[in-house]
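A.B. asks: In case you want the letters, here they are:
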Amino acid sequence: MDMNKEQLNVFLEMSTVLTAFSEYELKGTGQLEAYFNTVVEIVGQGIMDELLNAFAEVKKIANNNEAILNKQLRFQLLSNDKLGPITRNIIKMWFIGSWYQLPNAWRENYGESQKDITFVVSANSFIEGLLWPSIDSHPPGAKAPGYGTWTNKPQITEL
Amino acid sequence: MHLHPIETVKDLYNYLYIAIQLEHATIPPYLTALYSIHPGTNLDAYNLIRVVAVEEMLHLTLAANMLNAVGGTPDLTGEGFVPLYPTYLPDGETDFKVGLEKFSIAAIDTFLNIERPAEIDNSKGRATGLLKVNRKNTSILPSFKTSDGEELHFHSIGEFYSAIAKGLEKLTKELGEKTVFCGDYNKQVTPEYYYSGGGDIIPVHDLESALAAIRLISEQGEGYEGGIYDYEGELSHYYRFQQIKLGKYYHKDDTPGKPSGEDLSIDWNAVYPIQSNPRLEDYPKDSELYKEALVFNEFYKTFLKQLTTAFNGQPSVLLPAVGGMFKIKEMSYKLMRNPIPDKEHVNGAPTFQVDSI
Chain A
1 MDMNKEQLNV
11 FLEMSTVLTA
21 FSEYELKGTG
31 QLEAYFNTVV
41 EIVGQGIMDE
51 LLNAFAEVKK
61 IANNNEAILN
71 KQLRFQLLSN
81 DKLGPITRNI
91 IKMWFIGSWY
101 QLPNAWRENY
111 GESQKDITFV
121 VSANSFIEGL
131 LWPSIDSHPP
141 GAKAPGYGTW
151 TNKPQITEL
Chain B
1 MHLHPIETVK
11 DLYNYLYIAI
21 QLEHATIPPY
31 LTALYSIHPG
41 TNLDAYNLIR
51 VVAVEEMLHL
61 TLAANMLNAV
71 GGTPDLTGEG
81 FVPLYPTYLP
91 DGETDFKVGL
101 EKFSIAAIDT
111 FLNIERPAEI
121 DNSKGRATGL
131 LKVNRKNTSI
141 LPSFKTSDGE
151 ELHFHSIGEF
161 YSAIAKGLEK
171 LTKELGEKTV
181 FCGDYNKQVT
191 PEYYYSGGGD
201 IIPVHDLESA
211 LAAIRLISEQ
221 GEGYEGGIYD
231 YEGELSHYYR
241 FQQIKLGKYY
251 HKDDTPGKPS
261 GEDLSIDWNA
271 VYPIQSNPRL
281 EDYPKDSELY
291 KEALVFNEFY
301 KTFLKQLTTA
311 FNGQPSVLLP
321 AVGGMFKIKE
331 MSYKLMRNPI
341 PDKEHVNGAP
351 TFQVDSI
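Residue numbers (our numbering), protein chains in the order written: chain A, 1 to 159; chain B, 1 to 357.
Honestly, the hints are just simulated from the structure, not real lab data. For each residue, glycine too, the CB sits at the ideal point set by N, CA and C. Wrong hints could be hidden among the right ones.
What the hints assert, rightly or not - Quick list of simulated restraints, FRET-style, between CB atoms:
(1) T41/B with L12/A: 20 to 26 Å
(2) P256/B with S134/A: 48 to 54 Å
(3) I105/B with E108/A: 30 to 36 Å
(4) E344/B with N37/A: 30 to 36 Å
(5) W268/B with G148/A: 34 to 40 Å
(6) K258/B with G44/A: 41 to 47 Å
(7) R74/A with T41/B: 36 to 42 Å
(8) N37/A with S356/B: 56 to 62 Å
(9) K92/A with H205/B: 25 to 31 Å
(10) Y147/A with I357/B: 56 to 62 Å
Said to hold, decoys possible - Taking lysine-lysine pairs in the DSS-like style, the calculated list, with each CA pair at most 30 Å apart, reads:
(11) K10/B with K143/A
(12) K60/A with K343/B
(13) K329/B with K92/A
(14) K27/A with K59/A
(15) K343/B with K248/B
(16) K59/A with K285/B
(17) K10/B with K97/B
(18) K82/A with K92/A
(19) K291/B with K27/A
(20) K10/B with K27/A
(21) K291/B with K59/A
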């Protein structure tokens, strides 16, 4: 799939606001392109355009004011019947590495995709979920932290 | 600094310090190539390189055990201990440099040079040891000077270790085994502190155990007496890497250079496009990449401090230090997945610059 670099950057920026992880951390998971593609494959390029345009609008209104940005994001994206469920799905993908089937109401109103089923994006996306660094733990069966390290207290940095 | 044949205990300390430095110097290049591979791809090559890197960590620990056994003090924290890559290896080979590179044919060629077998002098059927070569570059690393002032270079790591073995034998004969192996046994890293690390850790306390450690290091690297396997029946590092280059696994009775086993599946493109031999100054100072590369270097410096503590009477510190190795892996992945700002398709990588901190 030909990915629009500019769109990918907006998607990345939106993801930093949605997850509170930095661009460096998000790129560091190696999952950016995979998540972008997953959204486009399931909801279509048109709705992806709408979502990214809505975020661009929110950013414009906020004009670098973080409080306004947070409020507008809730108002324009998360509370929007069409964009809200997708936005929440993007947050879940970043943290858990899985796409969750969209709610029935959404599927009835905005079109059902055959691909819209609950699935793990890839073996690596599970491993790279932001859930694990959030709790200073590691995904079961991967990123083993070494013998005896379980005696160390979790070190959770403030976001 | 020049090396000469080992005459005194001080010479021995010098050689063993270089041995520790040498074993360590191979690890960042191996790890860089290893972590540049996209996870889940190139599984054959990934596993081959990973096992070699882990065995180098074993060699490092064995070299520290040897230095402790003869009463020396392992120190991985001194300035210049970690080379600035690309570099010559500390045992004085000057015909190739070792650098930090992504998984590529060029990187595998360098790895083959690192692990190359000793030059065999066919007339005598044994290793000649030292080579006379013209030096094109000024090496900051030691070469070898004979008693009549001739400058020589070790051709292989195995030959460097064989010089240590000769020195140990000579000093033991002259001074007595108890005098040479006067180190505190409590400083030895023993199997309880070292797990699943590419072979058995050998505590060193006399000539026999020291020679066993040297044999393990040399044969894991180069094979045994010109064969492709070591005395434990494991394929040596040189031939493991050669399999990647030739795309084929060795089979039990194969001759060197002619593997007849199954094909390796290699995808040279499933690799992060990292910058070769990166330096901090390659990353814009206000970027997260710069900040995180610095965090990596600080972490690596602390890791070397922990190893030094572990090798100086507190071997239990090795356990949390090894835990740190896993963090080094995750930090490396993050750096390698982030493009260098303002550069097209060139990603960051750990720079391993610890002296400037």
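A.B. asks: Going through the numbered hints above, which ones does this structure break? Give me the numbers in ascending order.
C.D. replies: When the structure is compared with the hints, numbers 3, 4, 6, 8, 9, 10, 11, 15 and 20 turn out to be violated.
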